[in-house]
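**Q** Below are the chains, spelled out letter by letter.
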Amino acid sequence: MTGCPVYIAGMGVVSPIGCGLDETIDSLKKATCGLGPVAPFPVLLEHKLPVGSVALEGDDSRLPRTHRLACLAADQALAGSDRAPDAIVLGSTTGGILSTEFSFEEKVGDPEQYARHALGSIGEEIARRCGCTGPVITVSTACSSGAVAIKLAREMLRCGLARRVLAGGADSLCRLTYFGFSSLQLIDPSGAHPLDRERRGMSVAEGAAMLLLTTEPSDNHRLQVSGAGLSCDAYHATTPHPEGAGALAAMQAALADAGLSAADIDYINLHGTGTPDNDLSEARAVHILFPAGLPPLSSIKGATGHSLAAAGAIEAVIAGLCIEQGMVAANVGFANVDPELNIEPVLSPRSASVSTVMSNSFGFGGNNAALVIGKAQPKPVENAKRTASDLRIVGRACLTNVGHTQQTCKAFFTGTSAKDLLEEGIIADGLSPRLIRRLKRLPKMALSLSVRTCDGLPQERMPAMVSMGTAWGALSETHDFLERLIETGQQYPSPTDFIGSVHNAPAGQIAMLLGAKGANVTTSGGDCSFEQALLSADLLTQESADAVLVVGADEYHPHFSPLFDASVRLGEKPADGGGGLLLQRGDTISGPSLSLAYYQSSRKPNGVAELIDALGGEETVSRRFGVLLVGMPAAMRSKAENQLDAFLTQSSFKGPVVDYRPLVGEFASASAVATVLAVEIVELGIVPGRLISGDDRAMHGKGALVLGFGDFLTATRIMPS
Amino acid sequence: MEKLIEELKVKIVEILNLPNVTPADVKADEQLVGGELGIDSIDVLEMVIMIEKDYGVAINNKELGAKVFATLETLAAYIEEKAPELPN
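Quick note, the sequences are listed as chains A and B, same order.
Counting from 1 along the first sequence, just add 46 to a position and that's the residue number in this note's numbering.
Counting from 1 along the second sequence, just add 140 to a position and that's the residue number in this note's numbering.
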């Protein structure tokens, strides 16, 4: 065990095999199969595919289905808890898409009907319900999201950033995933039977699970998250590495994180989706990790189906239940051993002494996560602490309507009027035509930013990890997928658009291009998506000297952007773009330093005063910072202006203030551009007069502060080297 | 079948957005997937949809796909065999 223990203080679960822990235990003990033909949307096809759906009681049309599932799980996890968690980390791939699909099909033009489309709106809904005023991080790494959320929560707790974090995942069934996986021929028409010789695919499902994690010891804790490991295949957009290299790396990282060896694992909860490729590569990986023989193992997805982002969290809960109940869960639907897999899973539920469980979750983009859930250690070995050295900025690039980094800086620093959206040819300039032949706007932006951020770096400086923030994901692919699905009466959905539509597809493309096989995270939290990516990068590199590429980008889509993003509707003209930073720790690394000094909800009382404290207090702000770059999204302009006024009054800051959104444009990842501009200013040592409608101002060796106002208060410090 | 092969060449180049590839570059008897053209498993899925949509022929599993998509000739032969209405 390294670092302080991260206990599980509460668990909530909603899945096709039950709502709540008692129903879930009962179903596990009976090996109940939760798959059936009924989906929460009309299916026009003659042959309905089996799915794992949840019987949601009542008809609360106010909230999209994913939100309702997540709230149910959150309420269960927090039941009996006397105060709100300090932070929420939630994994989701669907957000409010099911509601959006209905509205899109009906050609609804009222933005209010799309108000909870965003992935980030789920965690924010839970935060409002439970009174959490800390950061809400939304992770979207496809089918590993729920497990990645638990990993990030664990790191947040271990470095002392929070003492109680609510973490988990949620996804609802929707047309996008039902027809998308079907177009990839990854659905078994007879229902998933993982590991079986005759398996033909998965069954798409829905559900949610949340875990209240804490470092506060208590005699009541029975379980802990002992370890968690992430990796990226950097191999293919959808197909896992054939030898299971990434899966193996994630499991090994989880064991190392837990300070355990393979022999300590009593039971493996496999990812086991039931697709021929996943089960084969996972089987190869576990055979390598357990050369002396496999512990009891099973996939529960023959019973629950595959609930995508929820799966990792649901299975973390089930791992915990197996330990508490002293049992191993059955691999429902299994009949014939596949000689190629050479695995005979647990055939029926049975009693067993289980102290430590490994739970796997792998996703599109080669995003792998493994968790180790164990019995609670009675006493903390170490306290939470933050010991890592500063992250240094070793590469940067940005992209705006004006062009790439040089054009953008030249335009903003010397004065050029803003232009229309950048042509895709200019965005993709320098990328090989074969590489981008299937990519639309957002992945092209992401690849372009990545290549330019890492331009000219020696191999040892190239990133091992990727952390990308995007509020809206690949809108072009999502739109085109749904449009064709509707136009063809659900007959001919595009596999290419489905693959590209997942939020983490661009980060997966980056990993493949750069060969980045470490953690690969995509965050999605509205105007704070980039800050969430920075926070994730910080958390995942606490004990690492590997370089991490952090990207923030959002595309403008003529149909969806104005419907989804209220600030876009108020913008003077369409805008999009993003920024990339390559960050690395280590005493030998030089360059300006970056740190996310503050990230809390603006509902927190005295948030501005707390923000100033986090920066070192009133005097420090003027002494250390030569310029503020302030993000005030158009839809929250008056609220943000009040927050800025409060900040300037309370900090007595008299230096130049750059209101960057009118310059960069109204898009959610504008702060990524602002952060890159802040680095340019720090390196230049001058605040160009053009930015502040006045004369050039010397920085006098001071740093730059990028502030985000609105629903959340964020502060990113850039200090000179 | 010649006509069908020529028609497929045009459609494949169009839907797969293959850079610097013309219909004439797609040879009827050469390896279609994993060869020099750069056609991969995701392209196969796009072709599956196109063939079902345009010719009414379903190729709904991987094993069958591997045989059918061996070359343009095997693909055209399969379509001719299975299509409810032959495209001449």
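Treat the hints as calculated values from the structure; they're not laboratory data.
Misleading hints may appear alongside valid ones.
[To be verified] Just a few of them, taken from the derived set where beta-carbon distance is under 10 Å, the chain B residues facing chain A:
#1 Asn-157
#2 Pro-159
#3 Asn-160
#4 Ser-181
#5 Leu-185
#6 Ile-189
#7 Lys-193
#8 Val-197
#9 Asn-200
#10 Lys-207
[What the hints assert, rightly or not] Per the computed footprint, the stretches of chain A lying under chain B, defined by three or more beta-carbons under 8 Å from a beta-carbon of chain B, are:
#11 145-155
#12 728-738
Every residue gets a Cβ at the ideal spot worked out from N, C-alpha and C, and that includes glycine.
**Q** Evaluate each hint against the coordinates.
**A** Cross-check of the supplied hints:
1. Asn-157: Since chain A brings a Cβ to about 5 Å from B/Asn-157, closer than 10 Å, the hint holds.
2. Pro-159: holds (4 Å)
3. Asn-160: OK, holds: B/Asn-160 within 10 Å of chain A, min 7 Å.
4. Ser-181: With a minimum Cβ separation of about 7 Å from chain A (threshold 10 Å), the hint on B/Ser-181 holds.
5. Leu-185: Check passed: Cβ of B/Leu-185 comes within 4 Å of chain A, closer than 10 Å.
6. Ile-189: Since chain A brings a Cβ to about 5 Å from B/Ile-189, closer than 10 Å, the hint holds.
7. Lys-193: holds (5 Å)
8. Val-197: For B/Val-197, the interface hint is violated, since the closest Cβ of chain A sits about 13 Å away, which is over 10 Å.
9. Asn-200: holds (7 Å)
10. Lys-207: Hint on B/Lys-207: violated, closest Cβ of chain A at ~15 Å, above 10 Å.
11. 145-155: This one is violated; 0 residues, fewer than the three required, reach chain B with a Cβ under 8 Å.
12. 728-738: violated (count 0)
In summary, the structure is inconsistent with hints 8, 10, 11, 12 from the numbered list given earlier, while agreeing with the others.
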